[in-house]
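Residue numbers (our numbering), protein chains in the order written: chain A, 52 to 406; chain B, 52 to 406.
In short, the hints are calculated from the structure, not lab data.
One thing to keep in mind: the hints can contain errors.
Identical chains share a label here; the pair holds if one copy fits it or two copies do between them.
To be verified - Below 20 Å or equal to it, Euclidean Cα-Cα: the simulated DMTMM-like pairs (lysine to aspartate or glutamate) are:
#1 K306 - D56
#2 K60 - E397
#3 K90 - E372
#4 K95 - D67
#5 K200 - E150
#6 K60 - D159
#7 K351 - E397
#8 K95 - D156
#9 K200 - D67
#10 K200 - D113
Since the model is a prediction, treat every value here as computed from it, not as a measurement.
2 protein chains.
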Amino acid sequence: MNEFDFINKLRRRVADNFSPIGRPASLIRGIGDDAAVFKAIAGKEVVVSTDLLVEEIDFRRDTTRPELLGHKALAVSLSDVAAMGARPLWSLISIGVPEAVWNSDFLDSFYLGFFELARRYAITLVGGDVSRTPDKIVIDSILIGETAKAGAVLRSGAAPGDQIFVTGFLGDAAAGLRLIEHGARLPLRSKTDGSTQANSEAEHHRLEYLLLRQLQPNPRVGWGLLLGEQRLASAMIDISDGLSSDLNHLCAESKVGALIDAAAIPIDPLVTELSGRRALDPLMLALHGGEDFELLFTVKPEMVARLPARVDGVSLTRIGEIRGADHGVLISEGSRTWNLEPGGWEHFKAARGRT
Amino acid sequence: MNEFDFINKLRRRVADNFSPIGRPASLIRGIGDDAAVFKAIAGKEVVVSTDLLVEEIDFRRDTTRPELLGHKALAVSLSDVAAMGARPLWSLISIGVPEAVWNSDFLDSFYLGFFELARRYAITLVGGDVSRTPDKIVIDSILIGETAKAGAVLRSGAAPGDQIFVTGFLGDAAAGLRLIEHGARLPLRSKTDGSTQANSEAEHHRLEYLLLRQLQPNPRVGWGLLLGEQRLASAMIDISDGLSSDLNHLCAESKVGALIDAAAIPIDPLVTELSGRRALDPLMLALHGGEDFELLFTVKPEMVARLPARVDGVSLTRIGEIRGADHGVLISEGSRTWNLEPGGWEHFKAARGRT
């Protein structure tokens, strides 16, 4: 298979997935030209996100599976578009693989996972690029979405008094990563075939759940859409780096401070249980863990009553309040209050001794 | 510098470059959110292209310079958008670099070259992603453009009888690549400091010109815009893989054949001269060389008289005519005529013995 055969195969796959009913009417041209072409709906805003996933840094071939990676490549971008309060529509995937991967069934499995998630949200793959690499896999996931008439929800819209919310639970993905670092792999082996990874079927399921929260995250597309369309959120960001970092990003863009309540942060009981047995601090996982791909957003006090309790089965938790900028970004735990410094994932820490 | 400092530095640089006059009115949000946000103009079409550049495959750090690479990353995407007959507006750059490169001045120089070209066409950098890599640099260049009211020029619009044109000269970039493969580097050393790369100042300039055609290509933005806005081209593609491959792509999408005249192909006299001395075939460089980033397009016979002779100093040459699909894609040279098989660049050739 040469790269043009590959591209034509993808085109057929896109056609099989969506033609003709699921295809958005405003897509003029998908795969097969120098660029994808679409027509935006008048009055709406277009959002574009890009996420680079690099082997050995953002994932390892021996700790994930190609179909999970295909899912995750799209999921991280869906999370970005959800954080703008927008409807995801069109994806482009730039992918570079070494020759041996090209000649394996890696890409077939990768796109299997990709298309499964794409189908769930009626995303059309409209373009991309393919390149050879010397030895590592690299994926750039580009996603285009469209806002409701009201426009995108930015990071910069929070004001003092706004209430701070997060969807779902925090810390799961970080707990999953710890499990992987300690040797857990999917599919999990049960104790009967010689592994000691899980002591019971119930624990087996719990561990698998946490691993999948890391390897196959579910972006909060429904929440993002609802918050954007009904204009319920004043500011929003997705939690990719970690609550501590992402709350600081949101506050910096809005030029505000915040006070969050440690006791209110929704930590999965699975994480608390696992942490107890492995001498981890569940609050640290929830604050600095990253990759939960939950939504962090602010709501004006008078709008809070309009928030639904759940969307797509995912709950909502109030964790604090926006304050003035001079207040700083604080967290209180019982009688103690401290500065919540960004402690999440960074690709590059500040080099020591440099200016 | 951590990655957030880096992103803020880029934001300031974008502001320095464009604020407030050059900034398109319809950009709602650039760098600094989960996604870039813009408003499309009603009735126009939006085009999106993505180009992945991988170290060791698409470029080598020891044969180019960071500022040339920054130029080229944007140039290849400008060429894609030009090939849609669209006006380029917004760029996103996803870039992955190893730690040592991060701690060098590579990125400063890269963005110097990027912004120099961006300024020429009033492109705003509106987003991107940054990642660490184990050891190689990888760049994904995403460019968004907007068509005239008439809509995008697709590869699929050619019909029998349409005349085939190319901008500029072909084979230059391939000749430049041959020079690099034979050890030529920028800046070229002149004979006086011991090098035998160039025999005279005139030759020095000629070699440098060919090297730059490979390392710092100039996309045909003006031609693309004119052909799109005045609806002069019935189909268009940019020559990135090579004339032979790209003409075949255009014909396949339009479901037509073509006959081109070898003698009409515009080959730079510099390439002919160099080829004579190095036992290269200039026609082969022009047909299969790739990376010229000229535009290849078709024009209905009644529209040919409306074509300008030059745009931005770049000339135009008629090289053949579209025929019916059963005619195939042919090239004639004197009394000989043969099938023009795609012979340009492929990242992955069809593996032998595989089905």
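So, going through the hints one by one against the coordinates:
1. K306 - D56: between (51 Å within a copy, 17 Å between copies)
2. K60 - E397: between (37 Å within a copy, 16 Å between copies)
3. K90 - E372: neither (39 Å within a copy, 32 Å between copies)
4. K95 - D67: neither (29 Å within a copy, 29 Å between copies)
5. K200 - E150: Answer is neither; intra-copy 46 Å and inter-copy 43 Å both fail.
6. K60 - D159: Classified as within: same-chain Cα gap 10 Å, cross-chain 40 Å, threshold 20 Å.
7. K351 - E397: neither (31 Å within a copy, 54 Å between copies)
8. K95 - D156: neither (40 Å within a copy, 40 Å between copies)
9. K200 - D67: neither (31 Å within a copy, 31 Å between copies)
10. K200 - D113: Cα proximity of K200 and D113: none, with 44 Å in one copy and 50 Å across.
In this structure, the earlier hints numbered 3, 4, 5, 7, 8, 9 and 10 are contradicted, and the remaining ones agree with it.
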